[in-house]
Amino acid sequence: MPVAIELVDISKRFRLQGGHSQPTTLKSAVVDFFLRRAASPERFAVLQDIDLLVEQGRTLGIIGRNGSGKSTLLKLIAGIYRPDAGRVVTHGRIAALIELGAGFHPELSGRENIIINAMMLGLSRREVLARVDKIIDFADLGGFIDEPTRVYSSGMYMRLGFSVAIHVDPDILLIDEVLAIGDESFAKKCTDRISEFRRRGKTIVLVTHDTGLVQRWCDDVIWLDGGIVRASGSPKKVIDLYHQAIAEQESDVLAQSYRTTEAEAGQRWGNRQVEIVRVRLTDRDGQERYVYESGESMTATFAYRVAKPVSESVFSFAILRADGLWIYSTNTALRQVIVPALGATGEVTLTVERLDLLVGSYFFDVAVHAPDGAPYDYHSRLYGFTIRSDSGEIGVAPLPHRWRFQPADEGSVD
Amino acid sequence: MLNFLSELFVYRQVLLVLVFRDLKARYRGSVLGLLWTLLNPLLLMATYSLVFAVYVRVEIPEYPIFVFSGLLPWIWFSSALMSGANSIVDAGTLIKRVAFAPQVLPAVAVTATLVNFLLALPLLLAFALSWGLPITWAILLLPIPIAIQFVFTLALTITVSMLGVRYRDLNHLLGNVVTLWFFLTPIVYPATSVPDRFRASLLVNPLTPLIVSFQDILYRGRPPEVLNLALAAVVALLALMAAVAVGRRLRWTIVEQV
Numbered sequence: 001m002p003v004a005i006e007l008v009d010i011s012k013r014f015r016l017q018g019g020h021s022q023p024t025t026l027k028s029a030v031v032d033f034f035l036r037r038a039a040s041p042e043r044f045a046v047l048q049d050i051d052l053l054v055e056q057g058r059t060l061g062i063i064g065r066n067g068s069g070k071s072t073l074l075k076l077i078a079g080i081y082r083p084d085a086g087r088v089v090t091h092g093r094i095a096a097l098i099e100l101g102a103g104f105h106p107e108l109s110g111r112e113n114i115i116i117n118a119m120m121l122g123l124s125r126r127e128v129l130a131r132v133d134k135i136i137d138f139a140d141l142g143g144f145i146d147e148p149t150r151v152y153s154s155g156m157y158m159r160l161g162f163s164v165a166i167h168v169d170p171d172i173l174l175i176d177e178v179l180a181i182g183d184e185s186f187a188k189k190c191t192d193r194i195s196e197f198r199r200r201g202k203t204i205v206l207v208t209h210d211t212g213l214v215q216r217w218c219d220d221v222i223w224l225d226g227g228i229v230r231a232s233g234s235p236k237k238v239i240d241l242y243h244q245a246i247a248e249q250e251s252d253v254l255a256q257s258y259r260t261t262e263a264e265a266g267q268r269w270g271n272r273q274v275e276i277v278r279v280r281l282t283d284r285d286g287q288e289r290y291v292y293e294s295g296e297s298m299t300a301t302f303a304y305r306v307a308k309p310v311s312e313s314v315f316s317f318a319i320l321r322a323d324g325l326w327i328y329s330t331n332t333a334l335r336q337v338i339v340p341a342l343g344a345t346g347e348v349t350l351t352v353e354r355l356d357l358l359v360g361s362y363f364f365d366v367a368v369h370a371p372d373g374a375p376y377d378y379h380s381r382l383y384g385f386t387i388r389s390d391s392g393e394i395g396v397a398p399l400p401h402r403w404r405f406q407p408a409d410e411g412s413v414d
Numbered sequence: 415m416l417n418f419l420s421e422l423f424v425y426r427q428v429l430l431v432l433v434f435r436d437l438k439a440r441y442r443g444s445v446l447g448l449l450w451t452l453l454n455p456l457l458l459m460a461t462y463s464l465v466f467a468v469y470v471r472v473e474i475p476e477y478p479i480f481v482f483s484g485l486l487p488w489i490w491f492s493s494a495l496m497s498g499a500n501s502i503v504d505a506g507t508l509i510k511r512v513a514f515a516p517q518v519l520p521a522v523a524v525t526a527t528l529v530n531f532l533l534a535l536p537l538l539l540a541f542a543l544s545w546g547l548p549i550t551w552a553i554l555l556l557p558i559p560i561a562i563q564f565v566f567t568l569a570l571t572i573t574v575s576m577l578g579v580r581y582r583d584l585n586h587l588l589g590n591v592v593t594l595w596f597f598l599t600p601i602v603y604p605a606t607s608v609p610d611r612f613r614a615s616l617l618v619n620p621l622t623p624l625i626v627s628f629q630d631i632l633y634r635g636r637p638p639e640v641l642n643l644a645l646a647a648v649v650a651l652l653a654l655m656a657a658v659a660v661g662r663r664l665r666w667t668i669v670e671q672v
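Protein sequences appear in the order of chains H and B.
Last residue of the first sequence: 414 in the numbering used here, with the numbers rising by one and none dropped.
Last residue of the second sequence: 672 in the numbering used here, with the numbers rising by one and none dropped.
Calculated directly from the structure, the hints in this document are not laboratory data.
As the structure is a computational prediction, the values presented were derived from the model and not from experiment.
Hints should not be assumed to be uniformly reliable.
[What the hints assert, rightly or not] Have a look at the derived ranges for each label pair, beta carbon to beta carbon:
{"no.": "1", "chain 1": "B", "residue 1": "Ser-420", "chain 2": "H", "residue 2": "Ala-29", "range": "26 to 32 Å"}
{"no.": "2", "chain 1": "B", "residue 1": "Leu-598", "chain 2": "H", "residue 2": "Ala-29", "range": "22 to 28 Å"}
{"no.": "3", "chain 1": "H", "residue 1": "Gly-79", "chain 2": "B", "residue 2": "Asn-590", "range": "33 to 39 Å"}
{"no.": "4", "chain 1": "H", "residue 1": "Lys-188", "chain 2": "B", "residue 2": "Leu-419", "range": "42 to 48 Å"}
{"no.": "5", "chain 1": "H", "residue 1": "Asp-219", "chain 2": "B", "residue 2": "Lys-438", "range": "43 to 49 Å"}
{"no.": "6", "chain 1": "B", "residue 1": "Arg-426", "chain 2": "H", "residue 2": "Val-151", "range": "45 to 51 Å"}
{"no.": "7", "chain 1": "B", "residue 1": "Ala-614", "chain 2": "H", "residue 2": "Ala-29", "range": "40 to 46 Å"}
[To be verified] For lysine to aspartate or glutamate, the following DMTMM-like pairs were computed, each having C-alpha atoms within a straight-line distance of at most 20 Å:
{"no.": "8", "chain 1": "B", "residue 1": "Lys-438", "chain 2": "H", "residue 2": "Glu-99"}
{"no.": "9", "chain 1": "H", "residue 1": "Lys-189", "chain 2": "H", "residue 2": "Asp-137"}
{"no.": "10", "chain 1": "B", "residue 1": "Lys-510", "chain 2": "H", "residue 2": "Glu-177"}
{"no.": "11", "chain 1": "B", "residue 1": "Lys-510", "chain 2": "B", "residue 2": "Glu-670"}
{"no.": "12", "chain 1": "B", "residue 1": "Lys-510", "chain 2": "H", "residue 2": "Glu-99"}
{"no.": "13", "chain 1": "H", "residue 1": "Lys-202", "chain 2": "H", "residue 2": "Asp-183"}
{"no.": "14", "chain 1": "B", "residue 1": "Lys-438", "chain 2": "H", "residue 2": "Glu-107"}
{"no.": "15", "chain 1": "H", "residue 1": "Lys-202", "chain 2": "H", "residue 2": "Asp-219"}
{"no.": "16", "chain 1": "B", "residue 1": "Lys-438", "chain 2": "H", "residue 2": "Asp-146"}
{"no.": "17", "chain 1": "H", "residue 1": "Lys-134", "chain 2": "H", "residue 2": "Glu-196"}
{"no.": "18", "chain 1": "H", "residue 1": "Lys-27", "chain 2": "B", "residue 2": "Asp-583"}
{"no.": "19", "chain 1": "H", "residue 1": "Lys-134", "chain 2": "H", "residue 2": "Asp-146"}
{"no.": "20", "chain 1": "B", "residue 1": "Lys-510", "chain 2": "H", "residue 2": "Asp-146"}
[To be verified] Partial selection, computed: residues in chain B whose CB lies under 7 Å from chain H:
{"no.": "21", "residue": "Val-428"}
{"no.": "22", "residue": "Val-431"}
{"no.": "23", "residue": "Arg-435"}
{"no.": "24", "residue": "Trp-450"}
{"no.": "25", "residue": "Asp-504"}
{"no.": "26", "residue": "Leu-508"}
{"no.": "27", "residue": "Arg-511"}
{"no.": "28", "residue": "Val-512"}
{"no.": "29", "residue": "Ala-513"}
{"no.": "30", "residue": "Tyr-581"}
{"no.": "31", "residue": "Leu-584"}
{"no.": "32", "residue": "Arg-662"}
{"no.": "33", "residue": "Trp-666"}
We put the CB at the ideal spot given by N, CA and C, even for glycine.
Use the sequences and the hints to build the structure in full.
Here it is, written out as structure tokens:
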């Protein structure tokens with residue numbers, strides 16, 4: 001396959017502005033000169049030693065956290081920035097969906113702005129005029145097309161911008177997180193258009209946080225982290241690595257915060273006749289974790305110590321959403337689980353087979369109390385975990401369900 | 415050097431459309447728009463005529479025509495410089511998001527103000543005729559000083575607009591410089607009235623030979639002096655080289671800083 005985009009050993013640094021790194025006014029430049037203060041601009045590396053080859057017709061996804069250099073890389077490919085080192089080679093016309101409608105003149109009508117914008121994106125006047133009607137049709141702004149763009153809503157602005165960019169008919173389309181455009185039906189039109197692009201063998205580079213989108217669309221993925229390529233290859237592989245890294249990091253942070261918040265946010269009460277001394281949340285493999293995929297199993301292990309022997313005790317647990325909504329609360333008595341006599345110390349494990357919860361942060365409460373409810377030790381909102389999921393569904397918990405479609409036979413009568 | 419300038423050529427269609435956009439936004443109210451363009455030079459001409467021909471009684475025949483013939487090119491120059499100086503900073507969101515040559519923007523300002531200048535010229539000629547001044551064949555030479563001034567103004571405006579991204583206070587300074595520059599240019603007074611021992615100081619001002627050439631053609635009805643045109647052309651080329659030097663240094667960094 002012929003190559004569409006080739007980056008060789010790209011590095012990009014930015015100057016830091018402000019402070020004494022570099023004068024931003026003439027006045028300070030003159031002062032610096034007379035005080036013999038050398039202005040050596042401080043620079044920081046945004047991208048380092050990036051090599052990248054995109055063949056024609058492929059869709060490349062670039063993922064990474066904020067500040068990882070994704071957008072800078074896109075701007076280098078677009079020719080907006082020039083690298084400090086290395087080489088950018090592209091073949092064919094490029095359109096960048098970076099900020100839609102950049103350069104619209106507020107006093108001019110949508111129609112006039114189409115012409116200007118499309119020419120800036122590289123069309124000749126003749127080409128633009130041939131496409132104006134299609135652009136207007138696609139943007140679907142009705143009578144607003146002849147109104148000055150200053151009266152447009154931000155949604156209309158973006159629709160017009162998208163319509164222009166897509167009709168420039170680029171060989172390479174660069175997309176930076178702009179797919180959430182306007183209402184649902186327009187967003188659908190946009191994704192249809194982009195799918196059509198792929199079918200026609202155009203090259204696409206997509207920068208996004210949305211790994212679901214990357215999985216659906218991309219042939220290859222690179223993961224940028226701190227300006228270097230952490231991983232590249234098939235979407236499945238790279239996204240898994242990316243999620244794992246994020247989960248580990250979140251887990252560390254959460255573990256830290258949940259361990260240290262005992263005194264502050266959470267509450268603990270009871271007479272401590274039986275004391276819960278430690279609670280750990282672990283996954284199927286016994287690894288301590290605070291981030292779970294929806295549907296995974298989670299085991300809580302609590303270590304107890306009996307200060308003053310009690311005849312009977314009830315263990316309970318509850319799961320609350322971060323905003324305080326009770327998801328589920330139960331105990332050994334309600335479930336008729338027999339709690340054997342407790343030794344001086346010991347451990348109790350509780351396994352939740354499936355954490356069928358949707359994305360969000362949750363609290364895990366535990367308690368041990370007397371059969372009449374008098375608390376021995378109650379830990380409220382001291383432990384937390386997070387559920388991740390790519391499903392895009394919303395709510396609290398997925399409910400098992402089934403769809404069935406039964407088209408009526410033509411000609412049949414009810 | 416050529417690379418930086420050839421980008422202007424690559425974007426010539428965009429340049430023209432942007433010029434058209436500027437003019438359209440200005441002349442949207444058609445007749446009234448043109449009136450605003452002409453009002454400023456007319457008011458200035460009337461005021462300077464009152465002050466210098468009536469109050470101070472400068473001995474210059476047809477003083478209003480004299481002032482007008484220098485004012486029009488001056489207004490072209492100063493309005494191009496003042497509107498072009500901000501053009502890159504103002505279009506910050508654009509050049510950060512679209513691969514585009516930023517030097518096109520000051521060029522748009524210079525071209526759009528040139529059109530305003532050309533639209534005001536007939537008014538000057540009409541005044542001259544009504545005052546009984548002959549319009550001679552010298553008027554055919556008008557494109558020469560116009561071309562030279564275009565290059566000089568373009569060079570200066572590109573330089574200032576690019577430096578303006580780095581030095582955000584440049585525009586405050588610019589307003590003052592332009593005001594002083596006006597009085598140091600022989601517009602409300604003739605170059606010949608400057609005492610001999612100060613005459614050389616006029617040559618420090620690169621606009622002097624240009625304005626005098628315009629006055630020669632439009633007011634005195636004679637061809638401009640070759641020396642003046644040559645001087646102006648050399649200055650314009652030097653300014654252009656300086657603009658390219660600045661532009662090549664800043665062309666890519668301003669995209670990051672704007």
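Verification of the hints:
no.	hint	in the structure
1	B:Ser-420 - H:Ala-29: 26 to 32 Å	holds (31 Å)
2	B:Leu-598 - H:Ala-29: 22 to 28 Å	holds (25 Å)
3	H:Gly-79 - B:Asn-590: 33 to 39 Å	holds (38 Å)
4	H:Lys-188 - B:Leu-419: 42 to 48 Å	holds (46 Å)
5	H:Asp-219 - B:Lys-438: 43 to 49 Å	holds (45 Å)
6	B:Arg-426 - H:Val-151: 45 to 51 Å	violated (31 Å)
7	B:Ala-614 - H:Ala-29: 40 to 46 Å	violated (31 Å)
8	B:Lys-438 - H:Glu-99	violated (25 Å)
9	H:Lys-189 - H:Asp-137	holds (12 Å)
10	B:Lys-510 - H:Glu-177	holds (16 Å)
11	B:Lys-510 - B:Glu-670	holds (7 Å)
12	B:Lys-510 - H:Glu-99	holds (9 Å)
13	H:Lys-202 - H:Asp-183	violated (26 Å)
14	B:Lys-438 - H:Glu-107	holds (10 Å)
15	H:Lys-202 - H:Asp-219	holds (13 Å)
16	B:Lys-438 - H:Asp-146	holds (14 Å)
17	H:Lys-134 - H:Glu-196	holds (16 Å)
18	H:Lys-27 - B:Asp-583	holds (8 Å)
19	H:Lys-134 - H:Asp-146	holds (15 Å)
20	B:Lys-510 - H:Asp-146	violated (27 Å)
21	Val-428	holds (5 Å)
22	Val-431	holds (5 Å)
23	Arg-435	holds (6 Å)
24	Trp-450	violated (15 Å)
25	Asp-504	violated (11 Å)
26	Leu-508	holds (4 Å)
27	Arg-511	holds (4 Å)
28	Val-512	holds (5 Å)
29	Ala-513	holds (4 Å)
30	Tyr-581	holds (4 Å)
31	Leu-584	holds (6 Å)
32	Arg-662	violated (12 Å)
33	Trp-666	holds (5 Å)
In terms of the numbered hints stated before, the structure departs from hints 6, 7, 8, 13, 20, 24, 25 and 32, listed from lowest to highest.
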